[in-house]
Amino acid sequence: DQQVKQNSPSLSVQEGRISILNCDYTNSMFDYFLWYKKYPAEGPTFLISISSIKDKNEDGRFTVFLNKSAKHLSLHIVPSQPGDSAVYFCAASAKVDSGAGSYQLTFGKGTKLSVIP
Amino acid sequence: DSGVTQTPKHLITATGQRVTLRCSPRSGDLSVYWYQQSLDQGLQFLIHYYNGEERAKGNILERFSAQQFPDLHSELNLSSLELGDSALYFCASSVVHLRDGYTFGSGTRLTVV
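Note that the protein sequences, when read in sequence, are chains Z and Y. Be aware that the first sequence starts at 1, since it is given in the working numbering, and climbs by one per residue. Be aware that the second sequence starts at 1, since it is given in the working numbering, and climbs by one per residue.
Isolated chain Y (complex conformation) (with noise of 0.2 Å):
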């Protein structure tokens, strides 16, 4: 168990619909991180909040959007799902410094029918 917490493990819904994923940062961590990795892709940086702030964005489609809550919590919200959402969606964290990088969740499989 790595600490970070991301519900649920797998989401299968249909075209059109909107999906919200969780994230629950690991204790004392500020910054949480969304990527999504697509079939045959690397780590596709989306979004980074830090204590509450948007930080940056990446490739983020304007479909989706997150927000991190005052308890540190994320979320990540879908709309207007495409076949092509269709990817493992990993949250992470971390502290201030990246002497040991981000720790990731398990992820939330989305499946877009």
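Chain Z with its partners taken away, still in its complex shape (with noise of 0.2 Å):
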């Protein structure tokens, strides 16, 4: 059972134009929801998060939106730039139980951006 779906596994966009990049969940639980940015060879870096009591959250060039009713949150790349071509992975953060250090991550499988010169 899949709690976190992306379901697309690569996208390409011209240099300058906007990246979006989607990802869909299941656990009505997740209170957190990050994205991270994988290049080849290097382990993933976090990129930019937002609080289910949130629905945008900017860091410049980047933005994330989140539809809880809807179960989806997007990242936004304004503009994409041949730098930003990687993986991109979608997180949804969830408290397994009461205790310290509890929190847990459930990742998408990713999706593969190419930002074209």
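Simulated from the structure, these hints should not be mistaken for laboratory data. Certain hints may be false.
[Said to hold, decoys possible] Dumping the calculated SDA-like pairs for lysine to any residue here, alpha-carbon to alpha-carbon at most 20 Å:
{"no.": "1", "chain 1": "Z", "residue 1": "Lys5", "chain 2": "Y", "residue 2": "Val19"}
{"no.": "2", "chain 1": "Y", "residue 1": "Lys9", "chain 2": "Z", "residue 2": "Lys56"}
{"no.": "3", "chain 1": "Z", "residue 1": "Lys95", "chain 2": "Y", "residue 2": "Val19"}
{"no.": "4", "chain 1": "Z", "residue 1": "Lys95", "chain 2": "Y", "residue 2": "Ala56"}
{"no.": "5", "chain 1": "Y", "residue 1": "Lys57", "chain 2": "Z", "residue 2": "Lys54"}
{"no.": "6", "chain 1": "Z", "residue 1": "Lys56", "chain 2": "Z", "residue 2": "Gln14"}
{"no.": "7", "chain 1": "Y", "residue 1": "Lys57", "chain 2": "Z", "residue 2": "Met29"}
{"no.": "8", "chain 1": "Z", "residue 1": "Lys95", "chain 2": "Y", "residue 2": "Val95"}
{"no.": "9", "chain 1": "Y", "residue 1": "Lys9", "chain 2": "Y", "residue 2": "Val19"}
{"no.": "10", "chain 1": "Z", "residue 1": "Lys112", "chain 2": "Y", "residue 2": "Ser38"}
{"no.": "11", "chain 1": "Z", "residue 1": "Lys5", "chain 2": "Z", "residue 2": "Thr63"}
{"no.": "12", "chain 1": "Z", "residue 1": "Lys109", "chain 2": "Y", "residue 2": "Gln41"}
{"no.": "13", "chain 1": "Z", "residue 1": "Lys112", "chain 2": "Y", "residue 2": "Leu39"}
{"no.": "14", "chain 1": "Z", "residue 1": "Lys5", "chain 2": "Y", "residue 2": "Asn59"}
{"no.": "15", "chain 1": "Z", "residue 1": "Lys109", "chain 2": "Y", "residue 2": "Gly84"}
{"no.": "16", "chain 1": "Z", "residue 1": "Lys95", "chain 2": "Y", "residue 2": "Ser38"}
{"no.": "17", "chain 1": "Y", "residue 1": "Lys9", "chain 2": "Z", "residue 2": "Lys112"}
{"no.": "18", "chain 1": "Z", "residue 1": "Lys68", "chain 2": "Z", "residue 2": "Lys112"}
{"no.": "19", "chain 1": "Z", "residue 1": "Lys109", "chain 2": "Y", "residue 2": "Val95"}
{"no.": "20", "chain 1": "Z", "residue 1": "Lys95", "chain 2": "Y", "residue 2": "Gly3"}
{"no.": "21", "chain 1": "Z", "residue 1": "Lys54", "chain 2": "Z", "residue 2": "His72"}
{"no.": "22", "chain 1": "Y", "residue 1": "Lys57", "chain 2": "Y", "residue 2": "Ser79"}
{"no.": "23", "chain 1": "Z", "residue 1": "Lys95", "chain 2": "Y", "residue 2": "Leu39"}
{"no.": "24", "chain 1": "Z", "residue 1": "Lys56", "chain 2": "Z", "residue 2": "Pro40"}
{"no.": "25", "chain 1": "Z", "residue 1": "Lys95", "chain 2": "Y", "residue 2": "Gly52"}
{"no.": "26", "chain 1": "Y", "residue 1": "Lys57", "chain 2": "Z", "residue 2": "Gln2"}
{"no.": "27", "chain 1": "Z", "residue 1": "Lys112", "chain 2": "Y", "residue 2": "Ser106"}
{"no.": "28", "chain 1": "Z", "residue 1": "Lys109", "chain 2": "Y", "residue 2": "Ile60"}
{"no.": "29", "chain 1": "Z", "residue 1": "Lys5", "chain 2": "Y", "residue 2": "Leu39"}
{"no.": "30", "chain 1": "Y", "residue 1": "Lys57", "chain 2": "Y", "residue 2": "Ala87"}
Both chains are sitting in their own frames, so use the hints and assemble them into the complex.
So, in structure tokens, the structure goes:
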């Protein structure tokens, strides 16, 4: 049962245009959502996050939108740059119990973004 | 440098063998998570330790085990290795609250031949 889904394995965008990466989730207990970026031969790096009580968070060229009723979030990159070419993972956080250190992230399978110069 | 150190970076071993992957978390982080990334797969959660205690298990095989030591470094032990265990194994660490998510190491690439 895949609780976090990224239905597009890949996306190609022209440099300067907008990139939109989508993510759907099924678990209503998720309370925090994150996007990670991964280059080949490197570990994923944190990009941007959003709390479930918000519907938008912006950081420079990156904006994440959350639609709780649709259980859908998206990452917008404007303008897209060749250096943005990477695999992007959507992740969702839930508290698994009441103890300390009990958050756990569930990741989607990733979307490979290619920004064409 | 993310602050999370994984060793070794590459490992080639034969089927049936046992290997140990090591992770040193970022300074101050009490949680350590292990993930497996196979070809064309996402990040599959294996196991989570917090301050030396196992907190959660994901899709971890019985042939795999892990522990977190008093100095907070963690080891992932993989035994009776099979060809299908070939993958990237990532370790991540975090503080208690997840506002900045996990910090990942650069991974260990395991090849079973």
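Quick rundown of the hints versus the structure:
{"no.": "1", "hint": "Z/Lys5 to Y/Val19", "verdict": "32 Å, violated"}
{"no.": "2", "hint": "Y/Lys9 to Z/Lys56", "verdict": "38 Å, violated"}
{"no.": "3", "hint": "Z/Lys95 to Y/Val19", "verdict": "32 Å, violated"}
{"no.": "4", "hint": "Z/Lys95 to Y/Ala56", "verdict": "11 Å, holds"}
{"no.": "5", "hint": "Y/Lys57 to Z/Lys54", "verdict": "30 Å, violated"}
{"no.": "6", "hint": "Z/Lys56 to Z/Gln14", "verdict": "25 Å, violated"}
{"no.": "7", "hint": "Y/Lys57 to Z/Met29", "verdict": "18 Å, holds"}
{"no.": "8", "hint": "Z/Lys95 to Y/Val95", "verdict": "14 Å, holds"}
{"no.": "9", "hint": "Y/Lys9 to Y/Val19", "verdict": "13 Å, holds"}
{"no.": "10", "hint": "Z/Lys112 to Y/Ser38", "verdict": "15 Å, holds"}
{"no.": "11", "hint": "Z/Lys5 to Z/Thr63", "verdict": "19 Å, holds"}
{"no.": "12", "hint": "Z/Lys109 to Y/Gln41", "verdict": "6 Å, holds"}
{"no.": "13", "hint": "Z/Lys112 to Y/Leu39", "verdict": "13 Å, holds"}
{"no.": "14", "hint": "Z/Lys5 to Y/Asn59", "verdict": "17 Å, holds"}
{"no.": "15", "hint": "Z/Lys109 to Y/Gly84", "verdict": "18 Å, holds"}
{"no.": "16", "hint": "Z/Lys95 to Y/Ser38", "verdict": "26 Å, violated"}
{"no.": "17", "hint": "Y/Lys9 to Z/Lys112", "verdict": "23 Å, violated"}
{"no.": "18", "hint": "Z/Lys68 to Z/Lys112", "verdict": "25 Å, violated"}
{"no.": "19", "hint": "Z/Lys109 to Y/Val95", "verdict": "24 Å, violated"}
{"no.": "20", "hint": "Z/Lys95 to Y/Gly3", "verdict": "25 Å, violated"}
{"no.": "21", "hint": "Z/Lys54 to Z/His72", "verdict": "13 Å, holds"}
{"no.": "22", "hint": "Y/Lys57 to Y/Ser79", "verdict": "17 Å, holds"}
{"no.": "23", "hint": "Z/Lys95 to Y/Leu39", "verdict": "29 Å, violated"}
{"no.": "24", "hint": "Z/Lys56 to Z/Pro40", "verdict": "29 Å, violated"}
{"no.": "25", "hint": "Z/Lys95 to Y/Gly52", "verdict": "19 Å, holds"}
{"no.": "26", "hint": "Y/Lys57 to Z/Gln2", "verdict": "16 Å, holds"}
{"no.": "27", "hint": "Z/Lys112 to Y/Ser106", "verdict": "18 Å, holds"}
{"no.": "28", "hint": "Z/Lys109 to Y/Ile60", "verdict": "18 Å, holds"}
{"no.": "29", "hint": "Z/Lys5 to Y/Leu39", "verdict": "17 Å, holds"}
{"no.": "30", "hint": "Y/Lys57 to Y/Ala87", "verdict": "19 Å, holds"}
Figure legend: structure checked against the earlier numbered hints; hints not met, in rising order: 1, 2, 3, 5, 6, 16, 17, 18, 19, 20, 23 and 24.
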